[in-house]
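Chemist: As given, the protein sequences belong to chains Y and F, one line each in that order. Each step along the first sequence adds one to the number in my numbering, with nothing skipped, and position 70 is 71. Each step along the second sequence adds one to the number in my numbering, with nothing skipped, and position 365 is 493.
Since the hints were made in silico from the structure, they are not lab data. A virtual CB, placed ideally from N, CA and C, is assigned to each residue, including glycine. Watch out, some of these pointers could steer you wrong.
[To be verified] Which residues of chain F face chain Y? A few of them, derived with a C-beta cut under 7 Å, are:
{"#": "1", "residue": "Ala202"}
{"#": "2", "residue": "Gly205"}
{"#": "3", "residue": "Leu274"}
{"#": "4", "residue": "Leu278"}
{"#": "5", "residue": "Glu281"}
{"#": "6", "residue": "Leu293"}
{"#": "7", "residue": "Ala305"}
{"#": "8", "residue": "Leu308"}
{"#": "9", "residue": "Gly312"}
{"#": "10", "residue": "Gly316"}
{"#": "11", "residue": "Leu320"}
{"#": "12", "residue": "Tyr326"}
{"#": "13", "residue": "Gly327"}
{"#": "14", "residue": "Leu332"}
{"#": "15", "residue": "Phe567"}
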Amino acid sequence: MFTISVVIVLFFLGIITFIFRRTLLHMLMGVELMLNAVNLNLIYFSRLHQNLEGQILSLMIFVVAACEVAVGIAIIVRLFKRTGTLGVETYTEERG
Amino acid sequence: MNQISFDPAFLMGEISLVALIVIMALVDAFQKPIFALMGNEKSSKLDSRNIQASWITTIGLIAVAVVYFVFGRATSGEEVVLMNNSLIAGGGMYIGKLALIGAGILAVLMSSRYTLTQTTPAMDYYLLLCFSLLGAVTLIAAENLLMVFLSLEMMSIPIYALVGLKKFSPRAGESAAKYLLLGGFSSGFLLLGISFLYGTTGSLVISEVLSQLNFVNINSISFLSGMGLIFLFIGLAFKVSMVPFHAWTPDVYEGAGTPVTAFMSVGIKLAAFAVILKIFSCMESFGEFDSVLSVIFMFFSLITVIYGNSVALVQKNVKRMLAYSSIAHAGYMGLALAPMHHKIQTIQSVLFYGIGYIAMNMLAFGVLVYFTHKENYCETLDDLKGIAKKYPGAAAMMTIAMFSLAGLPPAVGFVGKVQIFIQLLEGKMYITAIIALLFSLVALYFYINVIVVMYMRDPEKETADIGKQAIGPVWISLALSALFVLIMGLLPSSLLKWSLDWAEMIF
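If we strip away everything but chain Y, and leave its shape as in the complex, we get:
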């Protein structure tokens, strides 16, 4: 249960980063922290069950997270060039 507790703590740290650090790069880092917490969980379970499926999934998560960051950084750079800031409070073109 110790590993699962660590994973839950890491995951919620990611959520807290996502919610309370209101700049785009920090939010992206929060998402990465969440994904890596899941990776830890998968590797632990993979060892527990003595099969490789969990480790393969965690490798796939690395790949997908890298793709997501590549697209994300491109979008963020474009947004930064246009507005000169990364703070989400300043993006007010859209109001729900």
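Dock chain F against the given chain Y, drawing on the hints supplied.
Modeler: Positioned in the frame of chain Y, the structure of chain F alone reads:
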């Protein structure tokens, strides 16, 4: 060892889609120099290259659809699990894939007009759309939680980029960033759910996971797997935009280009719902946990219907109104799952609604694309004021779409809603059914309002000429979807049979 070799006929559609993507990438690389070499100055201009790109993509996707149809019919006799328990194929699976490819074709036909308002080469745009389509067709066939995650991301990541591609729009970048961050956030929940399910069952294959879940006596293992199921649902509910995971929907739908919004609102929604159905509405019963899931589905779907329909009432922007209406439609589809009685008719009703929703929403967005030109994206109700005088055909199309979205006969939306309500009544959820029905009456107001604005208001300024460039493909897409909406609304038996065939593969 698991079998490595398999009959390629089962995957011919996906193979041809990948081949199309490769061909498009090559054309994208060599299109300009080849025309410049041939001395064809006119064809090397951006606009005509964009039109060529749209034709190549349309013809290619139609060829892919034909391949899906031919090989799907040929292999419909048997059901197989391919590639080490990753994908299911055969049976009625080709119907779902054809529905998604059809949504892609309609979106590409619309885009041929839309991309003329942009200054970027259109081939990038079509490539990203085809990648997303590939993710969607593998997602509905996924048999493995690894494959579910991979194809969900393959479907979503190109859409993040597509949303950001829109030029001259201060909103596009913001929408793309919002969609990307919330999409990543939701994948985090999806993966946490997957890891809990893997931890409690030791497998990633969906059928094995479901058969090993044990909710008979409540202990820490069943608590963990229950949390896994709930987190998995949260991750997928983000993609189908159910309240309270809907926050991105209106902004992203409004900020993205209209054809992208159209594809996003139908393709992603249907594919993600296919996975929800596969996991939560399958033959395996969850035992004690069924009542918990039933309450979750009823609560979330009902507030989705209530929120979507009430907020759509006050929207001035048609795209934003359609975004809230798409939230409400996700709620209707989710309501069918609420009884949790594990019957194939539940899956059939949701798939029927989803396929019908593809046609009607494509029709509504297609009319908005029809009125898009360089100066005006045509997004607000003011843009639609009194257009019926000058453009009676397009106004009639919008009327059909609004009737279908509101759930009035003789359109496919009516039959779909009836199917959903039959599910609720069979599950004896009368109060839920009455509330959902009341809110579909509320929805009548804003759908009919669009028709009133088109036919009975005078335009504030002289209706601008919308130009004739690439209007033909938009007409084809409008006509196809309008025909589908009307024919399936009047004679729904064939669509019912198709969705039953597909449902048998999911069940």
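Chemist: Taking the hints in turn, state whether each one holds.
Modeler: Results for each hint:
Given hint, alanine 202 of chain F at the interface with chain Y, is violated; its Cβ is 32 Å from that chain's nearest Cβ, farther than 7 Å. Contact between glycine 205 of chain F and chain Y, as hinted, is not supported at the beta carbon level, the nearest pair being about 31 Å apart and thus beyond 7 Å. For leucine 274 of chain F, the interface hint holds, since its Cβ comes within 7 Å of a Cβ in chain Y; the closest pair sits about 5 Å apart. Using the Cβ-Cβ criterion of 7 Å, the hint placing leucine 278 of chain F at the interface with chain Y is satisfied: the shortest such distance is roughly 6 Å.
For glutamate 281 of chain F, the shortest C-beta to C-beta distance to chain Y is roughly 5 Å, which falls under 7 Å, so the interface hint holds. For leucine 293 of chain F, the suggested interface contact is broken, since its CB lies about 10 Å from the closest CB of chain Y, more than 7 Å. Below 7 Å, beta-carbon pairs count as interface contacts, and alanine 305 of chain F has one with chain Y at about 5 Å; its hint therefore holds. Of the supplied interface hints, the one on leucine 308 of chain F holds, with its beta-carbon coming within about 5 Å of a beta-carbon of chain Y, less than 7 Å.
Contact between glycine 312 of chain F and chain Y, as hinted, is supported at the beta carbon level, the nearest pair being about 4 Å apart and thus within 7 Å. At about 3 Å, the closest approach between the beta carbon of glycine 316 of chain F and any beta carbon in chain Y falls short of 7 Å, and the interface hint on this residue holds. Interface restraint check: leucine 320 of chain F against chain Y, minimum CB-CB distance 5 Å, threshold 7 Å, status holds. Interface restraint check: tyrosine 326 of chain F against chain Y, minimum CB-CB distance 5 Å, threshold 7 Å, status holds.
Because the smallest distance between the Cβ of glycine 327 of chain F and any Cβ of chain Y comes to about 4 Å, under 7 Å, the interface hint for this residue holds. Checking leucine 332 of chain F against chain Y: minimum C-beta separation of about 5 Å stays under 7 Å; hint holds. Because the beta carbon of phenylalanine 567 of chain F sits about 20 Å from the nearest beta carbon in chain Y, more than 7 Å, this interface hint is broken.
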